[in-house]
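Since the structure of chain X is provided, determine the placement of chains Y and W on it from the hints.
Protein chains in written order, with my numbering: chain X, 1 to 358; chain Y, 359 to 661; chain W, 662 to 914.
Treat the hints loosely; a few may be bogus.
[Stated by the list, open to error] Computed list of chain X residues with no C-beta within reach of chain Y, every gap over 12 Å:
1. Val-14
2. Pro-96
3. Trp-105
4. Gln-147
5. Gly-158
6. Ala-177
7. Ala-191
8. Gln-263
9. Ser-265
10. Leu-289
11. Ala-307
12. Pro-335
[To be verified] A short list of chain W residues far from chain X (calculated; beta carbon distances all over 10 Å):
13. Ala-676
14. Leu-813
15. Glu-847
16. Arg-881
17. Gly-894
[As the list claims (entries may be wrong)] Footprint (simulated), chain W over chain X, 3 or more residues, beta carbon under 8 Å:
18. 199-205
19. 214-225
For the record, the hints were derived by calculation from the structure and aren't laboratory data.
Think of the CB as a built atom: it goes at the ideal place given N, C-alpha and C, for glycine as much as any other residue.
Here's the letter readout for the chains.
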Amino acid sequence: MIYTYAFVAIAACVAIERFHNRRAKATIVLILAAFLAIAPRFYGNDAVFSVLADAAVYVMLALGLNIVVGFAGLLDLGYAAFFAIGAYTYGMLASPQFGLHLPFWVLLFLAAALAALFGALLGAPTLRLHGDYLAIVTLGFGEIVPQIFQNLTKYTGGPNGIAALDVPTFFGHSFGASVMPYYYIALVGIAAALWISRNLRESRLGRAWMAIREDELAAKHAGIDVLRSKLAAFAIGASFSGIGGVLFAAKLALVSPDLFGFQVSVLIVSMLVLGGMGNIVGVVVGSLLLTIVNSALLPQINSLVDATFHTTVDLSNLHFLIYGAILVGIMLFRPEGLLPNRERRAELHHAGEAAGDA
Amino acid sequence: MHEFLAQLANGVELGAIYALIALGYTLVYGILELINFAHGDVYTFGSFVALGIFVGLRAAGVLHGAGLILGIAAALIAAIIASALLNAGIERLAYRRLRKAPRLAPLITAIGVSFMLENLIELWQGSAPVPFPNVIPNPQLHIGALEVGVQQIVVVALAIVTMVTLHFFVQRSKLGKAMRAVAQDRDAASLVGINVDRTIAITFLIAGALAGVAGFVGGVSFGSAWFLNGFGAGLRAFTAAVLGGIGNIAGAMLGGFLIGMLESFSTWLIGGQWSNVAVFSVLILVLVFRPSGLLGETLPEKV
Amino acid sequence: MKVLELAGVGKRFGALTALSNVTLDVEEGAIFGIIGPNGAGKSTLFNLLTAIYRWDEGSISIGGLSIAGLSTQRIARLGVSRTFQNLRLFGNASALANVMVGEHVLLEANVLDSLLNTGRERRERTEAEKRARELLRFVGVSGVEEQFARNLSYGTQRRLEIARALAARPRLLLLDEPAAGLNSSEKHELVSLIRAIRDGGTTVLLIEHDMGLVMNLCERIAVLDYGEKIAEGEPREIREHPRVIEAYLGAPA
Chain X
1 MIYTYAFVAI AACVAIERFH NRRAKATIVL ILAAFLAIAP RFYGNDAVFS
51 VLADAAVYVM LALGLNIVVG FAGLLDLGYA AFFAIGAYTY GMLASPQFGL
101 HLPFWVLLFL AAALAALFGA LLGAPTLRLH GDYLAIVTLG FGEIVPQIFQ
151 NLTKYTGGPN GIAALDVPTF FGHSFGASVM PYYYIALVGI AAALWISRNL
201 RESRLGRAWM AIREDELAAK HAGIDVLRSK LAAFAIGASF SGIGGVLFAA
251 KLALVSPDLF GFQVSVLIVS MLVLGGMGNI VGVVVGSLLL TIVNSALLPQ
301 INSLVDATFH TTVDLSNLHF LIYGAILVGI MLFRPEGLLP NRERRAELHH
351 AGEAAGDA
Chain Y
359 MHEFLAQLAN GVELGAIYAL IALGYTLVYG ILELINFAHG DVYTFGSFVA
409 LGIFVGLRAA GVLHGAGLIL GIAAALIAAI IASALLNAGI ERLAYRRLRK
459 APRLAPLITA IGVSFMLENL IELWQGSAPV PFPNVIPNPQ LHIGALEVGV
509 QQIVVVALAI VTMVTLHFFV QRSKLGKAMR AVAQDRDAAS LVGINVDRTI
559 AITFLIAGAL AGVAGFVGGV SFGSAWFLNG FGAGLRAFTA AVLGGIGNIA
609 GAMLGGFLIG MLESFSTWLI GGQWSNVAVF SVLILVLVFR PSGLLGETLP
659 EKV
Chain W
662 MKVLELAGVG KRFGALTALS NVTLDVEEGA IFGIIGPNGA GKSTLFNLLT
712 AIYRWDEGSI SIGGLSIAGL STQRIARLGV SRTFQNLRLF GNASALANVM
762 VGEHVLLEAN VLDSLLNTGR ERRERTEAEK RARELLRFVG VSGVEEQFAR
812 NLSYGTQRRL EIARALAARP RLLLLDEPAA GLNSSEKHEL VSLIRAIRDG
862 GTTVLLIEHD MGLVMNLCER IAVLDYGEKI AEGEPREIRE HPRVIEAYLG
912 APA
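In isolation and in its complexed conformation, chain X is listed as follows (with noise of 0.2 Å):
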């Protein structure tokens, strides 16, 4: 069933890039946004919508990295910070644990516009940084953050985290113990982050972003603050980790700080390398692929292989060789990922002179 909404999804998506024909592209957004909102209502169940709203919630993540990796060209690899201080954020304001039961609704908000905040404060002072020491940097702070969640034992719960969250409340109904309204929300969230990433590719600073990525000596003599262009880039991308966060905590009704490490920021950077980075709906199918591959496809392989050989392998294990695999295949034989858009397909693959005179 898993697979129904995942094959649509991504065929859908692979057909909009595709299409030149703006109006094509319009009506088959259309159908498929009719199709994810109504087909629950005769086809599936909770264990498959609980899946697929952490696909949404990992797509929007990956949508938000991909502003900073894909359009600023800025690699970070801590962005599971932000997606950690998106989750602290309806850890601490929505539970038992200071008796701040803030409502849901405001602390999205709240939470993105956190995350953007520590976004520009992180970067204020490191996005002078080039390449490869940016990438180190926003490594160390994605260690510390949640490093610092697990010692303030006191306000965070420790290394236990916060439980028993507040179950969000939409005008006085309770979500109760439903994963629909994640999956609603979460698909708004996907059309809204679907929308500005557009937005923002097409405009004056997406231009400027185009322009640092590609010669950042250049774009300064043609004016462009790099500086504060890098740092929009930097608090936009996080602010939707930070949305993601209360989504994801609200829906677990948990934050503990080992849901935040490493491997969460390496598993996005390999959804946008495998979608190809810099590619809107290239991000979309490569992290619904890795998605489904981890929280579907691998435990159903898990319990054939156990099922006909009476084993009881665990294949979990394989997740990181997975993503490892992904970034090294990807990199070395199709460097513009699955789904490219032609800007990156030339870059990738003659940067060679560009880069030259760096």
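Structure of chains Y and W alone, referenced to chain X:
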């Protein structure tokens, strides 16, 4: 005072290990401007190879008397060779194809290689730390208020000898000069007849060998090997390389010892759970305020 | 009215003196050439004007305003645009997008406009695109709007870079060896293009090796040698100036 000296000794020992790993980062970064993210896992691999030799020899019952000395040498040499080959293999299979790729591609690939290695080592050795066989005697020496194990002294001595050898190798030998030439300007080096591919491959061999020494030393001194050891140790060592001035061999040693001290004293004074925060804060601060490191030079931007 | 004023400008790199005591005024509406042998300090001079380097002595003003301490992007906002000796185009973006980046300083859309695709953003984009197409036509490369800059011929890339620089409507345009690598008919067209740019109200300061082109095009020329200005004047004066002849031909043989 007693505790202070103990932490100092501990910091020096940790620092020696980080310095050995940091040299690998610095050599590779110096020549390719690539952060070889998988370097930490090459170190882990070296630990496990040494461990495997010890376990095998102990089972064969030869680890006593002269056999013990030979066994230690065998484990060290095996770790060196295995790590060197692994590192050079990674360069050959993954990085070499990406020499002309856009700047983010090699680093992303290196992270991928690191994840694969970690997972493969986990599949091979399990997800729990594996204890090192307790075969090497470690009598305690008392020097004034300072109490150190012979092992600690040997570990630090071995590291220092390795580093000094490396320093003279890079400064004096023909190969070392070729490495520096390639690091300065790859095209010019190839014009004067230096085989760039070979020089880079040898750099990876040497970096891997150093990781092998570190893997052996680290395994013996921590008493265990774990598939994720390389991640944390690698990041600390990279921080050390940056702190000292990346590309600078003396800087990597200095940085290694400083980070070892930082870890040792932060664990003592504010608790082990903060040592990660301390180390990474140093990394961020150094990169922000002095990206060229303590011993590095700043270079102007080219137009 | 002087667009650019340099007074006693000096720049050292360690022990090497790249420029020393250079004084230079460029009048509004001029086509001003800077020539000199390799290593004379021409490119260093451009790099001081766009704050790639900081000068050690003297002062530089643009439009009467000192640029001491200003960043590259602030100077661009003062109306100084440039091209580069080794082209620095955004290779993996369309020619049109390259020129639209050049218009950056003219646009006012802020981050919020960009996020929400507001009316201002859309209106500016439409206008920017229209102007970019006109500029491409003006420099003589229409028909390649949608092609990637990297796929264009060398001569076209040179013109595209000029279009990108012009897109900011600069009052001072710095051209760093604009004729390098062009054939003679392309050079001929370049001369008309630069004249047309000046006639449009932009002052042009150029570095060039092609002596014939400089003599033909520039109204005023300064000669640098070993970081010092050894002569300045009209082409005729420069051609006959003994120190210039010496600098170019070496010591009299």
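Right, here's what the structure says about each hint:
no.: 1; hint: Val-14; in the structure: holds (24 Å)
no.: 2; hint: Pro-96; in the structure: holds (24 Å)
no.: 3; hint: Trp-105; in the structure: holds (33 Å)
no.: 4; hint: Gln-147; in the structure: violated (5 Å)
no.: 5; hint: Gly-158; in the structure: violated (9 Å)
no.: 6; hint: Ala-177; in the structure: holds (33 Å)
no.: 7; hint: Ala-191; in the structure: holds (29 Å)
no.: 8; hint: Gln-263; in the structure: violated (8 Å)
no.: 9; hint: Ser-265; in the structure: violated (10 Å)
no.: 10; hint: Leu-289; in the structure: holds (16 Å)
no.: 11; hint: Ala-307; in the structure: holds (21 Å)
no.: 12; hint: Pro-335; in the structure: violated (6 Å)
no.: 13; hint: Ala-676; in the structure: holds (26 Å)
no.: 14; hint: Leu-813; in the structure: holds (13 Å)
no.: 15; hint: Glu-847; in the structure: holds (21 Å)
no.: 16; hint: Arg-881; in the structure: holds (25 Å)
no.: 17; hint: Gly-894; in the structure: holds (30 Å)
no.: 18; hint: 199-205; in the structure: holds (count 6)
no.: 19; hint: 214-225; in the structure: holds (count 11)
The structure fails to meet hints 4, 5, 8, 9 and 12 from the earlier list, while all remaining hints are met.
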